[in-house]
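Q: Single-letter residue listing:
Protein chains: 2
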Amino acid sequence: MKSQLLSQLGRRTAEPPISWLMSVALARPNLISLAAGFTDNESLPVREARGLFDQMLRSPRTGQAALQYGTTLGDPTLRRLTAEHLQRLDGVRGKPKAYSPERMIITSGSQQLLYMVTEALCDAGDVVLVEDPTYFVYASILQSHGVQARGVRLERDGLDLSHLESVLERLKRSGDLMRVKLFYLVSYYQNPTGVTTSFAKKRATLALLKKYEASAGHPIYLLEDAAYRELRFTGEDVKSALAARRLSDRVILAGTYSKPFATGARVGFGFLPEPVFTTVTRIKGNHDFGTSNLLQQLLARALASGSYDAHRQQLRRRYAQKARVMRQALEKHFPADVEWWEPEGGLYFWARLPRSLPSGVKSKLFKAALSHDLLYVPGELCYADDSTRRKPNHEMRLSFGGATEANIREGIRRLGGSLRELL
Amino acid sequence: MKSQLLSQLGRRTAEPPISWLMSVALARPNLISLAAGFTDNESLPVREARGLFDQMLRSPRTGQAALQYGTTLGDPTLRRLTAEHLQRLDGVRGKPKAYSPERMIITSGSQQLLYMVTEALCDAGDVVLVEDPTYFVYASILQSHGVQARGVRLERDGLDLSHLESVLERLKRSGDLMRVKLFYLVSYYQNPTGVTTSFAKKRATLALLKKYEASAGHPIYLLEDAAYRELRFTGEDVKSALAARRLSDRVILAGTYSKPFATGARVGFGFLPEPVFTTVTRIKGNHDFGTSNLLQQLLARALASGSYDAHRQQLRRRYAQKARVMRQALEKHFPADVEWWEPEGGLYFWARLPRSLPSGVKSKLFKAALSHDLLYVPGELCYADDSTRRKPNHEMRLSFGGATEANIREGIRRLGGSLRELL
Numbered sequence: 000m001k002s003q004l005l006s007q008l009g010r011r012t013a014e015p016p017i018s019w020l021m022s023v024a025l026a027r028p029n030l031i032s033l034a035a036g037f038t039d040n041e042s043l044p045v046r047e048a049r050g051l052f053d054q055m056l057r058s059p060r061t062g063q064a065a066l067q068y069g070t071t072l073g074d075p076t077l078r079r080l081t082a083e084h085l086q087r088l089d090g091v092r093g094k095p096k097a098y099s100p101e102r103m104i105i106t107s108g109s110q111q112l113l114y115m116v117t118e119a120l121c122d123a124g125d126v127v128l129v130e131d132p133t134y135f136v137y138a139s140i141l142q143s144h145g146v147q148a149r150g151v152r153l154e155r156d157g158l159d160l161s162h163l164e165s166v167l168e169r170l171k172r173s174g175d176l177m178r179v180k181l182f183y184l185v186s187y188y189q190n191p192t193g194v195t196t197s198f199a200k201k202r203a204t205l206a207l208l209k210k211y212e213a214s215a216g217h218p219i220y221l222l223e224d225a226a227y228r229e230l231r232f233t234g235e236d237v238k239s240a241l242a243a244r245r246l247s248d249r250v251i252l253a254g255t256y257s258k259p260f261a262t263g264a265r266v267g268f269g270f271l272p273e274p275v276f277t278t279v280t281r282i283k284g285n286h287d288f289g290t291s292n293l294l295q296q297l298l299a300r301a302l303a304s305g306s307y308d309a310h311r312q313q314l315r316r317r318y319a320q321k322a323r324v325m326r327q328a329l330e331k332h333f334p335a336d337v338e339w340w341e342p343e344g345g346l347y348f349w350a351r352l353p354r355s356l357p358s359g360v361k362s363k364l365f366k367a368a369l370s371h372d373l374l375y376v377p378g379e380l381c382y383a384d385d386s387t388r389r390k391p392n393h394e395m396r397l398s399f400g401g402a403t404e405a406n407i408r409e410g411i412r413r414l415g416g417s418l419r420e421l422l
Numbered sequence: 000m001k002s003q004l005l006s007q008l009g010r011r012t013a014e015p016p017i018s019w020l021m022s023v024a025l026a027r028p029n030l031i032s033l034a035a036g037f038t039d040n041e042s043l044p045v046r047e048a049r050g051l052f053d054q055m056l057r058s059p060r061t062g063q064a065a066l067q068y069g070t071t072l073g074d075p076t077l078r079r080l081t082a083e084h085l086q087r088l089d090g091v092r093g094k095p096k097a098y099s100p101e102r103m104i105i106t107s108g109s110q111q112l113l114y115m116v117t118e119a120l121c122d123a124g125d126v127v128l129v130e131d132p133t134y135f136v137y138a139s140i141l142q143s144h145g146v147q148a149r150g151v152r153l154e155r156d157g158l159d160l161s162h163l164e165s166v167l168e169r170l171k172r173s174g175d176l177m178r179v180k181l182f183y184l185v186s187y188y189q190n191p192t193g194v195t196t197s198f199a200k201k202r203a204t205l206a207l208l209k210k211y212e213a214s215a216g217h218p219i220y221l222l223e224d225a226a227y228r229e230l231r232f233t234g235e236d237v238k239s240a241l242a243a244r245r246l247s248d249r250v251i252l253a254g255t256y257s258k259p260f261a262t263g264a265r266v267g268f269g270f271l272p273e274p275v276f277t278t279v280t281r282i283k284g285n286h287d288f289g290t291s292n293l294l295q296q297l298l299a300r301a302l303a304s305g306s307y308d309a310h311r312q313q314l315r316r317r318y319a320q321k322a323r324v325m326r327q328a329l330e331k332h333f334p335a336d337v338e339w340w341e342p343e344g345g346l347y348f349w350a351r352l353p354r355s356l357p358s359g360v361k362s363k364l365f366k367a368a369l370s371h372d373l374l375y376v377p378g379e380l381c382y383a384d385d386s387t388r389r390k391p392n393h394e395m396r397l398s399f400g401g402a403t404e405a406n407i408r409e410g411i412r413r414l415g416g417s418l419r420e421l422l
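Protein chains in written order, with numbering that gives the first Met the number 0: chain G, 0 to 422; chain W, 0 to 422.
Take these hints with a grain of salt, some might be off.
Just so you know, same-sequence chains aren't split out, so a pair can sit in one copy or run between any two.
[As the list claims (entries may be wrong)] With a straight-line Cα cutoff of 20 Å, these simulated EDC-like cross-link-like pairs (lysine to aspartate or glutamate) come out: (1) Lys-209 to Glu-330; (2) Lys-94 to Glu-164; (3) Lys-94 to Glu-154; (4) Lys-1 to Asp-175; (5) Lys-1 to Glu-212; (6) Lys-366 to Glu-420; (7) Lys-171 to Glu-330; (8) Lys-200 to Glu-168; (9) Lys-209 to Asp-159; (10) Lys-200 to Asp-156; (11) Lys-171 to Asp-122; (12) Lys-171 to Glu-41; (13) Lys-200 to Asp-248.
If you are wondering where the hints come from, they were derived from the structure by calculation, not from laboratory data.
Start from the sequences, fold in the hints, and give me the full structure.
A: In structure tokens form, the structure reads like this:
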């Protein structure tokens, strides 16, 4: 045996794919970044937060409670309000178990929940299904744990169910189904494509996973990441998978207040069935025995006072406007043979170039854009490692979240110029 | 191969030893708990936090910056202030690398740092040295990762160095030294014993670990947990191991603002040498890509404005008084054949009963105390699993942090009564 300082996880944990992009951005002060996944800066609830803290810290009683340790599961009031909020969003009546605060945990952003669920369920060599493309930080989590990803095709209107079935069938035939623990689905205004998967497709996905459980020998969960749900600015809301009757005991829902309220506050949450709930709660005890109580009480007050809802309405108008600006710029500046998908919420447009034009970090296009001080996220960075297919390299993620309207217009103009040069 | 739903980590992660104690406390409204590791409630900086938030959120510029995402490593100002603060506490001049903000990361409490360092370095089957007894949540982290603990004896004046050497020697002879990654030391007012390890002993520990590195084939780190350092109320401060010249590249220091400022804010930090620093930073990217920026800016403002220092002075007086109350009660109510250790800081007294009197959760003493509505932490819960020795079962941790002065007096009176009955 060789002497090793770092653990297997330590050795596997790679540099995040976007840290290089971030260092590029820092080195160029005039750069326009359509790469960062930041939320809109101007609309952050500064005044609201000030008022809520002022109320909370005015009395020693509520102030001390907020500044003292809480519990590992999280503040009971925030858990109750969150469960009610989710059930209201889903339009579900009664007291179904799926929405019980008793199976909820508050986390440091939904990211922490994704990490802990993966820790709880996956050993090295296990398999997790992901959308193709998927959220790149989740792909990093899988990679660091030695978990294999299998991509399921994503279409303009959401998940490709027949491809999901063929992936499951192949895993069954190769005897690897017992290694499959979950399907990670970013269901609303997906990062990176902006695509939303309908409730009917979520239900069909759950039914498919259930069908293969007998061969797996254990449950296969749908890990629904609803991080962008409340950044909807047009179209209809879609029910979460928790609303799927008789199937919700296979749903792990990850949600967050970071994006719809304040990314600097980092409060997320999870709804989990047993035995995942108990296992994740214990893991959370070891991670940090509970998310900052002060932040939780801020969110509980924002929800209870109505200022959270008021803020969401304002955000909606704001992102609708920014998305409109990006669409108009794309219409004006992008060549006709570039396909782009307009989202109904979230922070991202997705663009597909002709296959002859690579978009990756080593491509002519990426370098040309950078030479004009414009940064985008190359699509190739958003595909998990899946040895059964090649990573596409002709797409890009364009974010309208953090940039100003002027920078969105100018950025797309520059990028359109580089595209025209190379096409 | 058997089909398994949970991962190995998921199956190993046990219920925390104190969650049962906490449920006992909840079920008895009249209970006096000398078990909880809470900090003093009355002295939490409610007014200070209100003022700091008010300043921060008064202007859109600073308000938006606080409510937006930060970076994975943490706020640059807080990192600089923290590095300066540590160097000042250690009384070290110049610009030594050990105190560089470039090797610092901000975490969600120091607990998260302990978790990530363990993830970065330890595989199942590896060995970590710990004090005997040690911080029980760290013991849980080791257990959940399948890491073996080896206890190093702790005396009234800190670590037993000759025992450390004999433990290392035994590991060398059995060929297990290559499995040893670190020694976890809670160096100030230790949880659970209140014992402080001197700087000379820390330096000697580092030298000993270094001596065995050749046989290990890799560095063996001292993971110094300084969580209680700033809760000193008497005696002299002790330099951290970072101050050990020529040895500090083997020191990982975990610190926190939670205990000296506000446990509800959960901001901790780590100083780490390479390659641990880079590995832990990447792991942090996967955990949560950065601790809440809002909380970090609160701490940065508390440090910069002087309100952090002023608060510490106030805390000092407060804990000195509470510790005095507990000492006087112990002198008055505890039988003479019970030995107890008085700390110079932190939150805990440690008591050793005659070996004939067990203190564990199934003991007569524990049940008698509970029947009088008094809860303590049995010493046996504070020992990591170490197959080379039996866990002592005649000690207890008594916390004066969270209880009121009246409850400390009354609690020790009740416990003294139970002791007298049984001795």
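Q: One pair to classify: Lys-94 and Glu-164, alpha carbons no more than 20 Å apart. Within, between, both, or neither?
A: neither (33 Å within a copy, 60 Å between copies)
Q: When no copy is named, should Lys-209 and Asp-159 be tagged within, between, both, or neither for a Cα gap of at most 20 Å?
A: within (17 Å within a copy, 57 Å between copies)
Q: When no copy is specified for Lys-171 and Glu-330, does a C-alpha distance of 20 Å or less occur within a copy, between copies, both, or neither?
A: neither (45 Å within a copy, 70 Å between copies)
Q: Which holds for Lys-200 with Glu-168 at a C-alpha limit of 20 Å: within a copy, between copies, both or neither?
A: Classified as within; 18 Å inside a copy, 61 Å across copies.
Q: Are the CA atoms of Lys-171 and Glu-41 at most 20 Å apart within a copy, between copies, both, or neither?
A: Cα proximity of Lys-171 and Glu-41: none, with 50 Å in one copy and 60 Å across.
Q: When no copy is specified for Lys-1 and Asp-175, does a C-alpha distance of 20 Å or less occur within a copy, between copies, both, or neither?
A: Between. Shortest inter-copy distance 12 Å satisfies the 20 Å Cα cut-off; intra-copy 30 Å does not.
Q: Since the copies are identical, ignore which copy is meant and state whether Lys-1 and Glu-212 lie within 20 Å (CA to CA) inside a copy, between copies, both or neither.
A: Between. Shortest inter-copy distance 14 Å satisfies the 20 Å Cα cut-off; intra-copy 39 Å does not.
Q: Checking an output row: Lys-171 and Asp-122, CA cutoff 20 Å. Within, between, both or neither?
A: within (19 Å within a copy, 31 Å between copies)
Q: Reference check for the pair Lys-200 and Asp-248, CA-CA at most 20 Å: within, between, both, or neither?
A: Result: close within a single copy only, 17 Å intra versus 54 Å inter.
Q: Classify it for me, Lys-94 with Glu-154: is the Cα-Cα distance of at most 20 Å met within a copy, between copies, both or neither?
A: neither (35 Å within a copy, 56 Å between copies)
Q: Within, between, both or neither: how does the pair Lys-209, Glu-330 come out at a Cα-Cα threshold of 20 Å?
A: neither (43 Å within a copy, 65 Å between copies)
Q: Indicate which option fits the pair Lys-200, Asp-156 if close means a Cα-Cα distance not exceeding 20 Å: within, between, both or neither.
A: Within. Shortest intra-copy distance 10 Å satisfies the 20 Å Cα cut-off; inter-copy 65 Å does not.
When held up to the earlier numbered hints, the structure conflicts with 1, 2, 3, 7, 12 and fits the remainder.
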